[in-house]
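Enquirer: Spelled out, the chains give:
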Amino acid sequence: MTTEGLGISILWLFLYGYIIVASIDFGAGFFSYYGRITGKGEIINKVISRYLSPVWEVTNVFLVFFFVGIVGFFPETGYYYGTALLVPASIALVLLTIRGSFYAFSKYGNPNSHLYHFLYAATGVLIPASFSTVLTISEGGFIAVEDGVPRFLAGNLFYSPYSWAVVFLALVSVLFISTSFLTYYANRADDPQAESVLRQWALFNSLPTIFASLLVFMALWKHNPEHFASLMGNSIWFILSFAFFLNALRLLIVKRSYGWMFISVMLQFFTAFWGYGKAHLPYLLYPYVSFHTSVTNPTMAKFLVAAFIGGMVLLIPSLFLLMRLFIFNAKYVKGKLS
Amino acid sequence: MELALQSRILFGLTLGFHIIYATIGVGMPLLLLLAETMGIWKKDYQYRLLAKRLAKGYSITVAVGVVTGTIIGLQLSLLFPGFMRIAGQVISLPLFMETFAFFFEAIFLGIYLYTWSRFKKPLFHLLVLIPVAIGSGLSAFFITTVNAFMNTPQGFTIDNGAITNIEPLKAMFNPATPTKVAHVLTSAYMTTAFVIAAITAWFILRGHRNEYYKKALRLTMAIGLVFAVATAVVGDLSGKFLAAYQPEKLAAAEWHFETKTHADLLVGGTLDRTTNEVNYALKLPNMLSFLATDSFQGKVVGLNDIPKENWPPLIIHYWFDLMVGIGSFMIALSAVFVACRIWKPKLEWNRWLLGLIVLGGPLSMLAIEFGWVFAEVGRQPWILRGYMTVSEAATTEPHVGSMLVLFSVIYALLGILTVFVLVRMARRNPVEPLLDARSEQT
Ligand code: HDD
Ligand code: HEM
Ligand code: HEM
Chain A
1 MTTEGLGISI LWLFLYGYII VASIDFGAGF FSYYGRITGK GEIINKVISR YLSPVWEVTN
61 VFLVFFFVGI VGFFPETGYY YGTALLVPAS IALVLLTIRG SFYAFSKYGN PNSHLYHFLY
121 AATGVLIPAS FSTVLTISEG GFIAVEDGVP RFLAGNLFYS PYSWAVVFLA LVSVLFISTS
181 FLTYYANRAD DPQAESVLRQ WALFNSLPTI FASLLVFMAL WKHNPEHFAS LMGNSIWFIL
241 SFAFFLNALR LLIVKRSYGW MFISVMLQFF TAFWGYGKAH LPYLLYPYVS FHTSVTNPTM
301 AKFLVAAFIG GMVLLIPSLF LLMRLFIFNA KYVKGKLS
Chain B
1 MELALQSRIL FGLTLGFHII YATIGVGMPL LLLLAETMGI WKKDYQYRLL AKRLAKGYSI
61 TVAVGVVTGT IIGLQLSLLF PGFMRIAGQV ISLPLFMETF AFFFEAIFLG IYLYTWSRFK
121 KPLFHLLVLI PVAIGSGLSA FFITTVNAFM NTPQGFTIDN GAITNIEPLK AMFNPATPTK
181 VAHVLTSAYM TTAFVIAAIT AWFILRGHRN EYYKKALRLT MAIGLVFAVA TAVVGDLSGK
241 FLAAYQPEKL AAAEWHFETK THADLLVGGT LDRTTNEVNY ALKLPNMLSF LATDSFQGKV
301 VGLNDIPKEN WPPLIIHYWF DLMVGIGSFM IALSAVFVAC RIWKPKLEWN RWLLGLIVLG
361 GPLSMLAIEF GWVFAEVGRQ PWILRGYMTV SEAATTEPHV GSMLVLFSVI YALLGILTVF
421 VLVRMARRNP VEPLLDARSE QT
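Protein chains in written order, with the working numbering: chain A, 1 to 338; chain B, 1 to 442.
Treat the hints with care, since some could be wrong.
Said to hold, decoys possible - If you want the footprint, here are the derived chain A segments under chain B, 3+ residues with CB under 8 Å:
{"#": "1", "segment": "81-87"}
{"#": "2", "segment": "185-193"}
{"#": "3", "segment": "285-296"}
{"#": "4", "segment": "314-321"}
Simulated from the structure, these hints should not be mistaken for laboratory data.
Here a beta-carbon is modelled for each residue, glycine too, at the ideal position from N, C-alpha and C.
Whenever a hint applies, use it, and build me the whole structure from the sequences.
Expert: Below you can see the structure in the form of structure tokens.
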């Protein structure tokens, strides 16, 4: 594999990792608020808070890793997106800031504040919506280059059906990923009430993910036929994704093997995401930035890959420890350890 | 206002806000480590209680540190896209490694905060702090090497606008790195200790005169003294570094115009901008030569030998003086406190002394701010000294001004809420009931 291929694969994997862990986080915030206003707070909140408390900072680092990495491996992307997206990125940052800090404020400072909780939940919906538009923008048509200076065409984005289809897909995916994980977690925690509520939600969000994906395909066909054709060339990934989806749905319906159910959901998104990413190449920003031409110098690329390997040697055992202590520890999950 | 200036203000604002939380983020793990160690060593659970209570507040500041840090990471590309396009080729290595340090820190911090009663021996819980301290120290190290690189860039050559011959390690370990990293670390440890000492002294002044607070104050003041002295020693080395590699910054900081030997150090004063004459300043004879060269006769380059368009803004003189002034004051204050503890135990709890200690916390944090503003404004007009100016690097997107307003509001809100939430936490969980219970439950 070329260095740029290796670089983009690493980054894509981390983005995928972020999407999974962040979806759990975003969706969980949403449901904990929903539970509060519908009076089902007790059940759901307990499950959610046990999972979320120790890991939210780690979730954020996945995101930081992705954008620091992409600017590192492909400095041109920083230039184009950076110049064009000052305003939308700043707004996304503000949302992220509100979410992260208000989580801490409400959790440690004032556990009963309605306002903090509301902000925390609302941003959990808005952030995925705003992040997903970056993928939309990468399809081209929303950034124009005048005299070598990139400009963002906000109007085009707002009136584009494709962009709204992606937002819709992002939202239902977040809700599906998080409810399927939390169903599994509630089951491990021996909390049948929470489990049944969460399972219903998971079922409720399952078919819309497929429906939204089809919508995105259709909108992309109109928006960027070239990319659409390339997606069709990679259709094996999407077929696999659908198969994993069916398996997850089956397990949800028969209420069995929630662990495998969640793994299927992860694979459903992994295959779809990988297929989408493969089809997206060579462009990081259509048609201005291609990953072949924007890659950093070979010396730096080598150092970055080496740093990545070193980092992984350190991280994998640590992450493993974290998971053993908080996710795969039956006593902790059941709330028997403070 | 021109765009580049707006970008500078916004970036400076973000960093100035982040550094408050980052300083605590770097300093607190060490403080917790020392408090828990004392607890185990002296078999005194009150120290563990101290660590536990500090850790609760710490989880709030960490959250704000993480979100503001995330903002910086993106703003670097948003506000200075030209800089990242070029410099990114040389310095993405430390930035990338920094995220691994964050990862490492975040994982073990999560473990630390949620495992107070998980391990049978307190020692294991203490051990979890070591990776946290290493992780935050490493992230400070990596990011500071980037800043050092901006001051003394090396490890690449420029051929017709293209960057070649890149040596990432040489870029990271540039001449500014040793003093900068050491100064940032020692000042963070010092400041965190004094901030906690200030809060403790405040409680004592409000009538909470029990052993718990006294132990906390003694511990933090002692740590503060050690690192305040270390900060001053490294600060002195930083002066020598500047004299050798960035003479214009040192000269501007000292309003030193004529290159000469036996140069005097000027404290305060006013500058007549037409004649470049300094009035009302306190003169410390030959001290500038000493700061710059380690010898009272050393020769110090003056501003007149530097092209005028490369002069940094001369106002940095005041920022430098304020930083050094606060540093000296804190050394004196903590030395007096420690001396009282040894020779005049009664004076230790003197109201005036405690009052000054309360003041010392915010002052130390201000010294960090002054120091950075001095270092960063003193680099002007360069973003990459000798290669690229700030205006060449800044964004051309016209909406920086409104983003400046947006972020100012957010930071004001976050700052106020942090204080509000921390004060409320302290009020609602007084320590006294826990002291008698002799239990580990809080
Ligand atoms: C508690 C904070 C604090 C205190 C008491 C001091 N400093 Fe400092 N100083 C910093 C916090 C700081 C800083 C915020 O950490 C800076 C900004 C950039 C850097 O590397 O460190 C800094 C920068 C800085 C620089 C510029 C380095 C550069 O631009 O490369 C010099 C020459 C000094 N300091 C010298 C001193 C001296 C002689 C002190 C004597 C007491 C002193 N500092 C106390
Ligand atoms: C956290 C402590 C820091 C503070 C308080 C701080 C403060 C500032 C301030 C006040 C400015 C504006 C200076 C001016 O325009 O006159 C500035 C500029 C800047 N700083 Fe820092 N800085 C800090 C650390 C860093 C670090 C570690 C980096 C390296 C990545 C960095 C990179 C920059 C850049 C790129 C600019 C814009 C260009 C410029 O104005 O020179 N800063 N900073
Ligand atoms: C010398 C100045 C700086 C120091 C000492 C410092 C240190 C830290 C620390 C310790 C944290 C973790 C939060 C906490 O534990 O409180 C943090 C967060 C962060 N900092 Fe800074 N920082 C500095 C300047 C910068 C600069 C200039 C950048 C960007 C180039 C930056 C980027 C970040 C990011 C992205 C995070 C969030 C990481 C996460 O999600 O965990 N920092 N910083």
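Enquirer: The structure should be examined with respect to each hint, and the outcome stated for every one.
Expert: Hint check:
{"no.": "1", "hint": "81-87", "result": "holds (count 7)"}
{"no.": "2", "hint": "185-193", "result": "violated (count 0)"}
{"no.": "3", "hint": "285-296", "result": "violated (count 1)"}
{"no.": "4", "hint": "314-321", "result": "holds (count 5)"}
Hint compliance for this structure: hints 2, 3 are broken, all remaining hints hold.
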